[in-house]
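Chemist: Okay, here's what each chain looks like letter by letter:
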Amino acid sequence: MKQIKKIMASVAVLVAWSLATPSVQAANYLIKNATLHTATAKGTLKQADLLVENGKIIRVGQQLAAPTDVEIIDASNKHITPGLINAYTSLGLVEIGAVAATNDSATSVEGFGASFNIAPAINFRSTLIPQNRINGLTRAIVMPRVGTSLFAGEASAITLESTMGGLISGNVAQLAMYGDAGAGKAGGSRAAAFQMLDKALTESAYLKKNESRYLPGFNWNFSQSLDDLKALFKVVRGKSPLIVRANRGDDILRLIALAKKHRVKLVIAGGAEAWTVAAELAAAKIPVIIDPIMNLPQFEALSVRLDGAARLYQAGVKLLFTGGGSHNAYLLRQSAGNAVAYGLPADAAIEAMTINTAEVFSIKNYGQLKAGMDADLVIWDTDPLEISATPDQVFIRGDRQPMVSRATRLSDRYWDNNDRISAPQE
Amino acid sequence: MNPKLLISVVALFALLGCEEKAKPKIEVERPQPVYQSTYKPLPSDEFVIVNATVLDGLGEQFDGASVWVKEGKIKAVGATLEVTESVTRVDGKGKWVTPGIIDVHSHLGVYPSPSHEGNADGNEMTAPVTAQVWAEHAVWTADPGFDLARAGGVTSLQILPGSGNLIGGRGVTLKNVPSISMQGMKFPNAPHALKMACGENPKRVYGDKGQAPMTRMGNVAGYRAAWIKAKAYMEKWDDYYQAAEAGEKKDKPKRDLNLETLSEVLRGNILVHNHCYRAEEMAIMIDIAKEFNYKISTFHHAIEAYKIAPTLASNDICAAMWADWWGFKHEAFDSVRENVAIVDKAKGCAIVHSDSAIGIQHLNQESAKAMAAGNKRGLQLEPKDAIRWITSNPAKSIGIDQQTGSLTANKNADIVIWDHNPFSVYAKAEKVFIDGALVFDRLNPERNNVSDFDLGITDPAGERL
Numbered sequence: 001m002k003q004i005k006k007i008m009a010s011v012a013v014l015v016a017w018s019l020a021t022p023s024v025q026a027a028n029y030l031i032k033n034a035t036l037h038t039a040t041a042k043g044t045l046k047q048a049d050l051l052v053e054n055g056k057i058i059r060v061g062q063q064l065a066a067p068t069d070v071e072i073i074d075a076s077n078k079h080i081t082p083g084l085i086n087a088y089t090s091l092g093l094v095e096i097g098a099v100a101a102t103n104d105s106a107t108s109v110e111g112f113g114a115s116f117n118i119a120p121a122i123n124f125r126s127t128l129i130p131q132n133r134i135n136g137l138t139r140a141i142v143m144p145r146v147g148t149s150l151f152a153g154e155a156s157a158i159t160l161e162s163t164m165g166g167l168i169s170g171n172v173a174q175l176a177m178y179g180d181a182g183a184g185k186a187g188g189s190r191a192a193a194f195q196m197l198d199k200a201l202t203e204s205a206y207l208k209k210n211e212s213r214y215l216p217g218f219n220w221n222f223s224q225s226l227d228d229l230k231a232l233f234k235v236v237r238g239k240s241p242l243i244v245r246a247n248r249g250d251d252i253l254r255l256i257a258l259a260k261k262h263r264v265k266l267v268i269a270g271g272a273e274a275w276t277v278a279a280e281l282a283a284a285k286i287p288v289i290i291d292p293i294m295n296l297p298q299f300e301a302l303s304v305r306l307d308g309a310a311r312l313y314q315a316g317v318k319l320l321f322t323g324g325g326s327h328n329a330y331l332l333r334q335s336a337g338n339a340v341a342y343g344l345p346a347d348a349a350i351e352a353m354t355i356n357t358a359e360v361f362s363i364k365n366y367g368q369l370k371a372g373m374d375a376d377l378v379i380w381d382t383d384p385l386e387i388s389a390t391p392d393q394v395f396i397r398g399d400r401q402p403m404v405s406r407a408t409r410l411s412d413r414y415w416d417n418n419d420r421i422s423a424p425q426e
Numbered sequence: 001m002n003p004k005l006l007i008s009v010v011a012l013f014a015l016l017g018c019e020e021k022a023k024p025k026i027e028v029e030r031p032q033p034v035y036q037s038t039y040k041p042l043p044s045d046e047f048v049i050v051n052a053t054v055l056d057g058l059g060e061q062f063d064g065a066s067v068w069v070k071e072g073k074i075k076a077v078g079a080t081l082e083v084t085e086s087v088t089r090v091d092g093k094g095k096w097v098t099p100g101i102i103d104v105h106s107h108l109g110v111y112p113s114p115s116h117e118g119n120a121d122g123n124e125m126t127a128p129v130t131a132q133v134w135a136e137h138a139v140w141t142a143d144p145g146f147d148l149a150r151a152g153g154v155t156s157l158q159i160l161p162g163s164g165n166l167i168g169g170r171g172v173t174l175k176n177v178p179s180i181s182m183q184g185m186k187f188p189n190a191p192h193a194l195k196m197a198c199g200e201n202p203k204r205v206y207g208d209k210g211q212a213p214m215t216r217m218g219n220v221a222g223y224r225a226a227w228i229k230a231k232a233y234m235e236k237w238d239d240y241y242q243a244a245e246a247g248e249k250k251d252k253p254k255r256d257l258n259l260e261t262l263s264e265v266l267r268g269n270i271l272v273h274n275h276c277y278r279a280e281e282m283a284i285m286i287d288i289a290k291e292f293n294y295k296i297s298t299f300h301h302a303i304e305a306y307k308i309a310p311t312l313a314s315n316d317i318c319a320a321m322w323a324d325w326w327g328f329k330h331e332a333f334d335s336v337r338e339n340v341a342i343v344d345k346a347k348g349c350a351i352v353h354s355d356s357a358i359g360i361q362h363l364n365q366e367s368a369k370a371m372a373a374g375n376k377r378g379l380q381l382e383p384k385d386a387i388r389w390i391t392s393n394p395a396k397s398i399g400i401d402q403q404t405g406s407l408t409a410n411k412n413a414d415i416v417i418w419d420h421n422p423f424s425v426y427a428k429a430e431k432v433f434i435d436g437a438l439v440f441d442r443l444n445p446e447r448n449n450v451s452d453f454d455l456g457i458t459d460p461a462g463e464r465l
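Protein sequences appear in the order of chains G and D. Per my numbering, the first sequence starts with residue 1, numbered consecutively. Per my numbering, the second sequence starts with residue 1, numbered consecutively.
Worth flagging that the hints you see were computed from the coordinates, not collected in a lab. A quick note: this is a predicted structure, and the numbers were derived from the prediction, not measured. Among these hints, one or two may not hold up.
[Unchecked claim] In silico SDA-like links for lysine to any residue, alpha-carbon gap of 20 Å or less:
1. D:K329 / G:L410
2. D:K376 / G:D412
3. D:K376 / G:S405
4. D:K70 / D:T80
5. D:K376 / G:W415
Sequences are here, hints too, so could you generate the full structure?
Modeler: Take a look at the structure:
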């Protein structure tokens, strides 16, 4: 009976939420007295207020006057960050790692490379989305996993909403492999992978200039299919970033040279030894997507260190954080906290989970606490880089999100009554 | 020699001796311990940490307190110790002191870094029951993961075989000290573990080969068949020894390494560490243990421990859990962040384990997340509570709680001095002691161990830590 009451209560809460938060028009809020981690040049503001109207941040400052008809939320002793973004996930593409039917992140179809686009497969009703959302993640970059080509395909950007309206863009970048993973797709040698990347970029640029001469359906003797080469047009014109997975310092230097040759906007992902070539990355303005807690030496990552992120930052490299895999993509926050413990300034860590990723992937109106931005907000119960911090409330584009997931439902069910399965016979 | 058997044989002999004139007993060869520990505590001085916040690992916090170490043991702990003038003072102002961290589930050395096929030595997946293999025979002591774990405050760790088999082999408990040989790290007198595995892994590994087990039914049939053989084997040897004691000559049974391990479990000398995710599978495993009269020390991973927390508590079975891993397999789908807190709340033996060469470096953080999840739901867990999940509870699970896992008099002086509250993300282990000897000092990196693998590998003159 108690259990039933409980279920009724949580249903009632859900109903209340859905009534209170019509998906079209967001409520207006004045959040007061919080510590704001703005991810702007202003850094962290104490005892500050934030006004949200119609899903947007209207004003940030001290002692803001309350317009009429706004809900006032007292956030004394609370911290607010923009909703976090993880720069490298498979969110919506994988439900259960070991259940192949729930995994759409790669294709084994031969010759399906740069043109592979995962957007139609993203499942916005995935259980991973609410679990990450209630833990402070409001946006993610969704990457394909590599199939048979060196090019994995096009990445998407999403908000963590449980509707298809969550797709921000189905093509924010192209992903390719180098290092061990690249060599594995190139017959076993990095050198072959390097030549293949070089050739594909050369051919794509050539095709772009001479497109009218090449009709689909013929074998034009390119190294990639016409579709794959066309998918690289945005990359070779520098309109869209090329993300390349690489860890070894030397590998990264080769890629910097390759990017220069082809005028490609390169982003390094992985970057275990990126700190060893930090000056070169900074000079070439190449950002790095990194999970700063990963410090296990591998043969392509012998010099990996917990203070690698801090060293990259000191050299002037733009950092984009990932971490926690996809099921716990929100745990990039733990990785970020560790980077801070090992020397990264706290504001830089917040930027690596918000605005830096927004900028690199051209996500507009998101990633900072400032007027004009979408109101993706997390109200934290303590310092948001602290391991024990948890969100009190998450907002996406001004919508107050129900703080419920399948996991919280299970926990509710067993919290007070955790002997539903009777003990085995004594 | 198994002590229980010795006692019963002696008792039986004594009893017979009273009743009638005994035949002279026959001397027979008894199994001797092998691959024994050669661990010797490193040299240490007497010292006392003063003015620190001390978590004893058993549920107490002492503020402004002292921890006195003498001859490698804890001499005393408390806020009002009177320590001889001459004893060296270590200033603990602003520091936190805890027992050394213990990981009940590690694969360091058997799945070392760098990871590759040539180094992957944790799963003998050639038969579903391989109780004859021992993790300790495959530990690569130069795994740089040991140094990294020490920097995270880990002083003892249990190295287990993987979960590809129903019964994967023996696990070993190590002290996290630099050593060329495994024996030099082996925790003296710690019992062996037997690694068992429920669920998806064994049925997938063997089912894919068209062999048994292919289903969870096959899994259970496999365990039961193994225990039936083990029981018969144990009885054969017991008969042989008892006959010898009674002066009767019997043919010596043929030795079988697989059944020898399993029979030592039935005799209570090896502790069962059972990888098991789902609640109903744990309930089945508890019944199997009752059917064959052995004890399960700990369910590992135990994603659904929260569903049967009182059952685990009443059966005195620990649950070793992650703070938040989920979803990589269907049997890991029902994970809740409150799992550890719910087991603890039911007065069960809750453990936070790593199963990861990254996680083992941050077990304090993993516990902090588990504590925060409980507190968000209204519990009032404090550092003094959460520290038990990575110290005294794993010590109990492994069977080394008489020696370590808490800061109490006469325990081994396995100690960590932290620069912050250890449940903060900013906390680092500043000094780590094993048996009173300083084995890691963040402030004097040049004196820290560098594994042979790491020597000159980042660059010829460089160091990892």
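Chemist: Decide, hint by hint, whether the structure agrees.
Modeler: Hint check:
1. This hinted pair checks out: K329 of chain D and L410 of chain G have alpha carbons roughly 17 Å apart, not beyond 20 Å.
2. A hinted pair counts as satisfied when its Cα atoms are at most 20 Å apart, and K376 of chain D with D412 of chain G qualifies at roughly 12 Å.
3. The suggested pairing of K376 of chain D with S405 of chain G holds, with an alpha-carbon distance near 15 Å, which does not exceed 20 Å.
4. Proximity of K70 of chain D to T80 of chain D is assessed by CA-CA distance (about 17 Å); at most 20 Å being required, the pair is judged to hold.
5. About 12 Å separates the Cα atoms of K376 of chain D and W415 of chain G, which keeps this hinted pair within 20 Å; it holds.
In this structure, every one of the numbered hints holds.
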